[in-house]
Each structure stands twice: as C-alpha cells, then as structure tokens.
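Visitor: Now for the letters of each chain:
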Amino acid sequence: MLAGNAFDSLLRFAKYSTPLQREDPSNGQGDMKDVNTPEQPLDAAAVQARLTREIAAILAVKPDTIKPDAPLHSLGIDSMGFVEILVFIEKTFNLNLMESGLDRQHFSTIRALAACVSEKLPAP
Amino acid sequence: MKVCLPYSRKKRYLTGIDWVVLTLNQMTRRAGYPGNSSQIVLELAGGFSVDRFQSSIRDFCALFPLLYGRPARCWNLAPYWRAPSSTAREKPPRVEVHYLPENASRDDVMDVLTKAVNAPFLSPRDHLAFHVVFAGQAKCFLGMTFDHGLLDAGGAETFLDLFQSWQSQTGFEERYRQIAFTEPAHLCNWRRRFDAGRGVGNLMRALSHSKPCSLPLPSGSNSFRFRLIHFSSEESAAILDAAEREAGYLLLTPYLLSRFIYHLQAVFKARQALAPEHLISVSVDHRTAEAAARDVFFNHMSFLFFRVPSGIADDHDRVIHILKQQMYEQAKSRFSHNLADASMLMRILPLSVFSHLRQVVLKGNFATFGFSAIGSCSFTSPRFMDADVLNLFHMPLIPVPPGLGFIVTRYGDRLNAAIPYLDGMLTREEADGLARQVRESLVAGSGH
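Chains as they are written, first to last, in the working numbering: chain W, 1 to 124; chain R, 1001 to 1448.
No false leads were slipped in.
Mimicking EDC-like on lysine to aspartate or glutamate, the simulated pairs with C-alpha atoms at most 20 Å apart in a straight line are:
| hint | chain 1 | residue 1 | chain 2 | residue 2 |
| --- | --- | --- | --- | --- |
| 1 | R | Lys1332 | W | Glu90 |
| 2 | R | Lys1332 | W | Glu99 |
| 3 | W | Lys67 | R | Glu1290 |
| 4 | W | Lys62 | R | Asp1295 |
| 5 | W | Lys67 | W | Asp43 |
| 6 | R | Lys1011 | R | Asp1295 |
| 7 | W | Lys91 | R | Glu1329 |
| 8 | W | Lys62 | R | Glu1290 |
Pair ranges (Cβ atoms, derived):
| hint | chain 1 | residue 1 | chain 2 | residue 2 | range |
| --- | --- | --- | --- | --- | --- |
| 9 | W | Ala123 | R | Gly1445 | 38 to 48 Å |
| 10 | R | Glu1235 | W | Gln105 | 20 to 30 Å |
| 11 | R | Arg1009 | W | Glu90 | 37 to 47 Å |
| 12 | R | Ile1348 | W | Asn94 | 37 to 47 Å |
Where chain W lies over chain R, by a calculated footprint (3+ residues, C-beta under 8 Å):
| hint | region |
| --- | --- |
| 13 | 1242 to 1252 |
| 14 | 1317 to 1331 |
| 15 | 1372 to 1383 |
To be clear, the hints were calculated from the coordinates, so they are not data collected in a lab. C-beta atoms are modelled at their ideal positions from N, C-alpha and C, and glycine is treated no differently.
Could you put together the complete structure from these sequences and hints?
Guide: What follows is the structure, encoded as structure tokens:
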C-alpha cells in the first residue's frame, strides 16, 4: 500500500516537473502502435515480415539475419520470449493464440507461425 | 570528426535491478546468511594443473578491475560500482584446492561444494572465489562462487567461457572488445518510469493481500543445503517433449513449475501448514545470446510473480493453464520491463531503507519459493583447462526470505535442477523425498 501511495505521489510530482530527456514516443513498445489492427488484409508473406521484425527486436538482432525456417528455440527464444511473441500477435492481429494447442507444427518456425496467423485472420 | 564520449572504467552506474539484487543481499545477510551469491560448477573428466590454473586466473582477473569494486554513490545520487584504476595491488580471487580420497562419493564432493558456496566473501571488495575438488583420478570439479552484485547466472557462465577463450587463445580479444564496461546513469525518462511504477505498485498491492504458503525460517542455522537433480540427454529430451505436449512449444517454465508445486504441496500438507496459495517469484533473463556476450557483468534479469491456489495444485492441467495465463498477462502488461524501469527510481533509497520498505509493502508476504529456468548455456567450450567438460550446473543461494528455490539450468542437451533450501527448513527426509519425487515425475512425463 505504501509503495502504491508513494508512486502515486511521485507520479503527481513528475507531471509538474520537466523531463530531462525527450520521452520515447513509442513508450518502449517498438513498432507495435503502427501495426495495431491492420487496415488492409495481410497475406502470409506480410505477416511473416512483421513477425520477423518483432522477433529480431526481441532478440536484438538485424531482421535479415533471421531465417524464416529456423526453429524458434534454435534462435534462442525461451518461454518468456515466446509468450512475448504471442502478445505481439494479439496486439497486432487481434488473435489470442495462447489458448490454442501451441503445437510445434504451427509454432516452431516464423514461416509456420505466419501461415498459422494468416489462416486465422478474418477474410477480407 | 571523431567524437569521444567521456567515460571511466572506474565508474559503472548501477541499474535498478542491480540495486534490487544488492537489497536482497542486504536482507539475506541481515537474516544471518552468507548473502545473495551463487556457485557455478564445472564437472570435468580427469584433472588439470592447479598451479597453472592459479596463475592463469590471477592474470585473467587482472584484466577486469571491476572484480575488485564495491557500490558507492555519485554526486548526482545515482549509485555506481567503484572499481580501482589498476589491479596491480589487488589480491587475486581465492583459489582453494580440496583432495578427496579415491573412493569418495558424489555426496562427499557435494559436501565440499556446499561448504564452499556457504563461505562468506572475506571483504566487501571480494566477489569471486574458486574451489577445485579432486575426486580421484577420473574426475574433478571446479566451483566458482560469485557475488550476484557483480554477476548473474548467465554472466558467470560467460565469464568462465571468456576465461577458457583467453586461456586457449581462441578469439578472446574480439570478445573482450565487445564487453560493455559502462552503463549510463539513467537519469532521464522520469515520466515513463513513474508510469511503470504505478503498474508495479498495483501488483505489489495485490501481492500484499495474498496468503502464501511458507516454510518457517529455521533458527540457529546460517547456511544452505542443496538437492541436485541431474538428467541424462535422453531424460532431458523426454522432459522437453512432455513439456511441449502438456504446456506447448517452448513453454517449459509452466510445466516444470506445475511439477514442483505438486510435490511441494505434499510437504505443506504433511505439516498441516497449507495456506490458500503458492506465491512464486520467477527471475527472467531478457538477454539474448548476442547481448550475453556484451553484458557479462552485473544483472540483466527481472522478475515475474505467479500465484497458484493451493486448491488446484494437485491438478497439473489447471496449474499449467493458470501459469500460462499469468505469464501472458504479465508479458502483455510488460510487468518485468516495468519492474526494471520502475526500480531505477528506488536507487535513491539506501539499501537498508529499500529492504525495510520491501518488507512493509509486502506485509511480510514473501514468496513460497524462488524459481528460475536459465535458457541456453553461455559456457559453450567443450573443454576447460585441457579437461573435457562433462556437465555444468548451478548451486545458488536463494535470498532470505523465502530461502527455498527450484532452479533449472541447461548444459548442451542436458537439464540440471537444484533445490536450494535453508539448513533446517526441510528435514533430510523431506528434502530427499522432494528431490526424488520431482525427478521421477519429470522423467515419467505426464504421470504424477
């Protein structure tokens, strides 16, 4: 309780003080905002490109170094990284895949994941 | 035009997570235990020259002045790690050698390693110690005890790998150039950090109302004991398959936790000390393999908190489901990132005040146990000091409270697990039973 109150008071104080540096416009969310609710129907290739960008951001590597057919575990993705990818898919494509079977066939590579996502996207 | 930013290798600003880790160290020491430290153990085939190791490790450590540093506070109030400008006058890390008789058992080796990790560091500027245990001609063990203020588990693996690379003259200089020795003071983005703090505060408020199961802290003890569980390659593959079948691809964490909670619940039931829920503090490492090569020193992880009602702890499927849900919710709210961000604000507090505040906020409701699953191992060399590496595992001390943990690590295609607990917290029978049941249930797969 004390920490909550302390944070609330500090927050009020912060709103009246000038930040020392410009705020990160994406608030640490990377490029999530510009892709939320896609306006145009996406095919598997477009989904794959977005997933590759996000996974590259999670792994802090350049997107062109990621092979679409490499298993995610071989890229160094762990439980938490995988859940972050699922969260990205929900925020970007409005699909909650956590409740699905999460079997290797559909989730093990970026290409398979992109195909799975584009299959579940509503038809245009 | 070449632009040079002023920085000093004598001063490395500490992040909020570093400050949390130092606070946990303070709390653990205040409870009478050695501190927030750990030990990484290499199991080697044959032996190696101790003299050569001692001189090599002395020369290698001399390359890193921050190994002899200590926390201090800057004029801008940000805490930092003050390292000496030169290591010429510093005492090298302690290397102790233990010779066991030819017929020594694995338990004898573990006794030595347990004593080693329980030995407190001799001075505030002492953060590393090495123990070499010779168990006959066939095997030897190298234990590196390290202070979590300076290295996290992944960093310790990378440090030993760097040593091997330096010692065998294979690409060390390139790797050394990549290491990040400095860190900004992070005195910016205040509003973002306060917003992050609000989210963290909400969860902490919720946790303060929880009624977690907890084992009482033993009196008259000041050390930890361990139960180590090693899995063969085949057993590890079976565990990963079962995790994928029951929890989903890559979701090893909820699977392992469901098994451990099930068997720990039996201990609480037998003691008639079951509370409404299990509260688990989970440390997560957001570092990638590339980042691990750069961020060798200090702490680069964060925390999640899971709550599992005792009433469903016997039902693996429901426990896995609830853990996956909580992982997802906390990933969605960016809790672990927010915690890392918000904890930057707490650096203003002295360690003693921060540790007291933590107790007040959580109203004494600390986790039932701490959990960590370290992903791929950063020690990749197949050899160490010309000896083949057979296995690598960790023996961490868990901050007190709770003083009980379940840690799973991976070396190559093998999984290793450790159950560290305060001496006296579990009886010998309880600890043996817990380790045996966890092992059997993981190896058996979907069976209980």
